[in-house]
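Number of protein chains: 2
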Amino acid sequence: MSDVKPFVLDFDLVSGFCTSGKVKPTQRRVSDMVAQFANETAARAMVEGGDPLLYEFYGLDLPEDDSGVLQFGTTILYPGKVGEEYFMTKGHFHTILDTSEIYYGLSGHGMMLMETPEGQVDWKEIGPGEALYVPGRWAHRSINTGTEPLVMFFVYRGDAGHDYGTIEEKGYRKLVVERDGKPAVIDNPKWKV
Amino acid sequence: MSDVKPFVLDFDLVSGFCTSGKVKPTQRRVSDMVAQFANETAARAMVEGGDPLLYEFYGLDLPEDDSGVLQFGTTILYPGKVGEEYFMTKGHFHTILDTSEIYYGLSGHGMMLMETPEGQVDWKEIGPGEALYVPGRWAHRSINTGTEPLVMFFVYRGDAGHDYGTIEEKGYRKLVVERDGKPAVIDNPKWKV
Chain S
1 MSDVKPFVLD FDLVSGFCTS GKVKPTQRRV SDMVAQFANE TAARAMVEGG
51 DPLLYEFYGL DLPEDDSGVL QFGTTILYPG KVGEEYFMTK GHFHTILDTS
101 EIYYGLSGHG MMLMETPEGQ VDWKEIGPGE ALYVPGRWAH RSINTGTEPL
151 VMFFVYRGDA GHDYGTIEEK GYRKLVVERD GKPAVIDNPK WKV
Chain E
1 MSDVKPFVLD FDLVSGFCTS GKVKPTQRRV SDMVAQFANE TAARAMVEGG
51 DPLLYEFYGL DLPEDDSGVL QFGTTILYPG KVGEEYFMTK GHFHTILDTS
101 EIYYGLSGHG MMLMETPEGQ VDWKEIGPGE ALYVPGRWAH RSINTGTEPL
151 VMFFVYRGDA GHDYGTIEEK GYRKLVVERD GKPAVIDNPK WKV
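Just so you know, the sequences run in chain order S and E. The first sequence begins at 1 in full-length UniProt numbering and counts up one residue at a time. The second sequence begins at 1 in full-length UniProt numbering and counts up one residue at a time.
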């Protein structure tokens, strides 16, 4: 068992920000993900033009070796595009692959793009009041297809771990881009077997 | 691994009700918990007077033998009192005692009353935007101390299980009652060692 006592943290139901003042979010900018966008030239130009913030998320200081612990927090993913590709998170598998994750949409609109190591792909729209079950084995990346920040409350097992490397190396099989003013899911030309 | 595919369910961010139309909540009335209220005479009179609904909660049809699965849903706990004791949930330990639970307050105001088998007791207020970490080993009961339904989104490990029996038999060490118009935590006169 872990010696963690009950505690409460405030996460604003609209903005997603933790207002308890104890926890700072991790921030990711375009410069952290240049190679993961289809249009790297557009990404590099955005980095030179001010390197906008893509998203922020909270990770709590909880034990990472205890399967009875649950990690929780919010992700705040800003609206915007790199070329025709919407702002997105890095996306990851869990290191303990068979562990799931729950997302609960608080504000904004977007999509969760998911795939398994065996090549199954799926995507779900997520908005306010929509709870998404990401089963174990499914890599998951959030994509903001709207005009407001996409804010989601998340929970996953404390020992699940994050495998970002597989996605960084191989990319996702699919991309979400704007076509005729609407989101479209297309094959990723940079995807490597 | 469990063969569950990604899926989305709508849980209204204020009322907590699942609007996807697929899932029905479990309902608990005063008649389901007469012996757990301090004032059983008042509880029996309420049962005869119409047996009001205390709370409703969702449980999804997910595998219960897989530590990689997460169960999620909402609890809707109505305002009211039995004698001077606020409406509350049965409360439970997890059968796999060392598994935690996350509650995220959506609307209304209340309290989570918690205790360990070793006799530690704790309670936390919970309201909109407040995320509560209930560590493994802590039995937990929600209490509505307000005038609106207390609505919370919850997540726990799919194999955690519910041990209601220990609480039904021994009771909680503490009660939450209204004193001078305000919530007060007092010793439970019916608690058995």
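Think of the hints as simulated: they come from the structure by calculation, not from any bench. Do not rely on the hints blindly, as some may be mistaken.
Pairs involving identical chains hold if they fit within one copy or between any two copies, as the list cannot separate such chains.
Said to hold, decoys possible - Straight line, CA to CA, 30 Å or less: simulated DSSO-like cross-link-like pairs of lysine-lysine:
| # | residue 1 | residue 2 |
| --- | --- | --- |
| 1 | Lys22 | Lys190 |
| 2 | Lys24 | Lys124 |
| 3 | Lys22 | Lys170 |
| 4 | Lys190 | Lys24 |
| 5 | Lys5 | Lys192 |
| 6 | Lys24 | Lys192 |
| 7 | Lys81 | Lys174 |
| 8 | Lys5 | Lys190 |
| 9 | Lys170 | Lys5 |
| 10 | Lys182 | Lys22 |
| 11 | Lys22 | Lys192 |
| 12 | Lys5 | Lys124 |
| 13 | Lys124 | Lys81 |
| 14 | Lys5 | Lys182 |
| 15 | Lys5 | Lys174 |
| 16 | Lys124 | Lys22 |
| 17 | Lys81 | Lys5 |
| 18 | Lys24 | Lys182 |
| 19 | Lys190 | Lys124 |
| 20 | Lys124 | Lys174 |
Practice task
Could you place Lys5 and Lys124 in one of the four classes (within, between, both, neither) given a Cα distance threshold of 30 Å?
Solution key: between (35 Å within a copy, 11 Å between copies)
Practice task
Indicate which option fits the pair Lys81, Lys174 if close means a Cα-Cα distance not exceeding 30 Å: within, between, both or neither.
Solution key: Within one copy, since 16 Å is at most 30 Å while 54 Å is not.
Practice task
Can you give me the call for Lys124 and Lys81, within, between, both or neither, at a CA distance of at most 30 Å?
Solution key: Only inside one copy: Lys124 and Lys81 sit 19 Å apart there, 42 Å across copies, limit 30 Å.
Practice task
First find the shortest C-alpha distance between Lys24 and Lys124 inside one copy, then the shortest across copies, and answer within, between, both or neither for a cut-off of 30 Å.
Solution key: both (29 Å within a copy, 22 Å between copies)
Exercise for the section: Since the copies are identical, ignore which copy is meant and state whether Lys81 and Lys5 lie within 30 Å (CA to CA) inside a copy, between copies, both or neither. Expected result: between (42 Å within a copy, 29 Å between copies)
Problem - Intra/inter-copy verdict for Lys5 and Lys174 if alpha-carbon distance must be at most 30 Å - result: between (42 Å within a copy, 18 Å between copies)
Exercise for the section: Pop the pair Lys190 and Lys124 into one bin, within, between, both or neither, using alpha-carbon distances up to 30 Å. Expected result: Result: close within a single copy only, 22 Å intra versus 50 Å inter.
Problem - Within, between, both or neither: Lys170, Lys5 at alpha-carbon 30 Å - result: between (40 Å within a copy, 23 Å between copies)
Exercise for the section: At 30 Å max between alpha carbons, let me know whether Lys22 reaches Lys192 within a copy, between copies, both or neither. Expected result: neither (41 Å within a copy, 39 Å between copies)
Handout entry: Alpha-carbon proximity context of Lys190 and Lys24, limit 30 Å
Key = neither (34 Å within a copy, 44 Å between copies)
Problem - Alpha-carbon proximity between Lys124 and Lys22, which holds within one copy, between copies, both or neither at 30 Å - result: So Lys124 and Lys22 pass the 30 Å test across copies only (17 Å; inside, 33 Å).
Practice task
Have a look at Lys182 and Lys22 and pick one of within, between, both or neither, based on CA distance no larger than 30 Å.
Solution key: between (39 Å within a copy, 29 Å between copies)
Of the numbered hints stated above, those contradicted by the structure are hints 1, 3, 4, 6, 11 and 18, listed in ascending order.
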